[in-house]
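Student: Each residue of the sequence shown is one higher than the last, beginning at 1 in the numbering used here.
It should be emphasised that the hints constitute simulated quantities derived from the structure, not laboratory data. Each statement offered as a hint is correct.
Listed below are the simulated DSSO-like cross-link pairs for lysine-lysine, each with C-alpha atoms no more than 30 Å apart in a straight line:
hint, residue 1, residue 2
1, K112, K48
2, K107, K54
3, K91, K48
4, K38, K91
5, K38, K89
6, K116, K89
7, K91, K112
8, K107, K91
9, K38, K116
10, K89, K107
11, K38, K107
12, K48, K125
13, K38, K112
Distance ranges between label pairs, derived from CB positions:
hint, residue 1, residue 2, range
14, N108, S79, 12 to 22 Å
15, N105, I15, 39 to 49 Å
16, D60, S123, 26 to 36 Å
Ideal placement from N, C-alpha and C gives every residue a C-beta, glycine not left out.
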Amino acid sequence: MIKKPLQLGIILIIICLLAGCGDEMSKKENNVLITISKDNGSEYLHEKEISVEKGNNLLDVMMNNFYVETNSHNDEITSIERLSIEENKGKQWYYTVNGEATTENPKNYELKPGDKIVFDFHSSK
Numbered sequence: 001m002i003k004k005p006l007q008l009g010i011i012l013i014i015i016c017l018l019a020g021c022g023d024e025m026s027k028k029e030n031n032v033l034i035t036i037s038k039d040n041g042s043e044y045l046h047e048k049e050i051s052v053e054k055g056n057n058l059l060d061v062m063m064n065n066f067y068v069e070t071n072s073h074n075d076e077i078t079s080i081e082r083l084s085i086e087e088n089k090g091k092q093w094y095y096t097v098n099g100e101a102t103t104e105n106p107k108n109y110e111l112k113p114g115d116k117i118v119f120d121f122h123s124s125k
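Build the full structure now, drawing on both the sequences and the hints.
Tutor: Dropping the structure here:
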């Protein structure tokens, strides 16, 4: 008699634990990884895994998770984590998405779960 309620209790606990794990897995599936580096990756400054929702653009996510400054039109990143463009040295921020270089404005790039973004501060030369 006691075995039946005990078995039922154990089954319920296992189901609850599995449901919790599934929830955690779905949260991870909605994440992007953003890496901040300089000099073509020779120095890593910061790396963060961030949960995103459909429609989130890269600029907004950057501004909500890092110390970011933009130009007066709010469409170009001029500083990340207090490292600002150095026009006299030709250094600025470039970014890649999943290993591919892009010139797309971060404001126009809609993040997708699993994206790996790298912002690197280096010379264009």
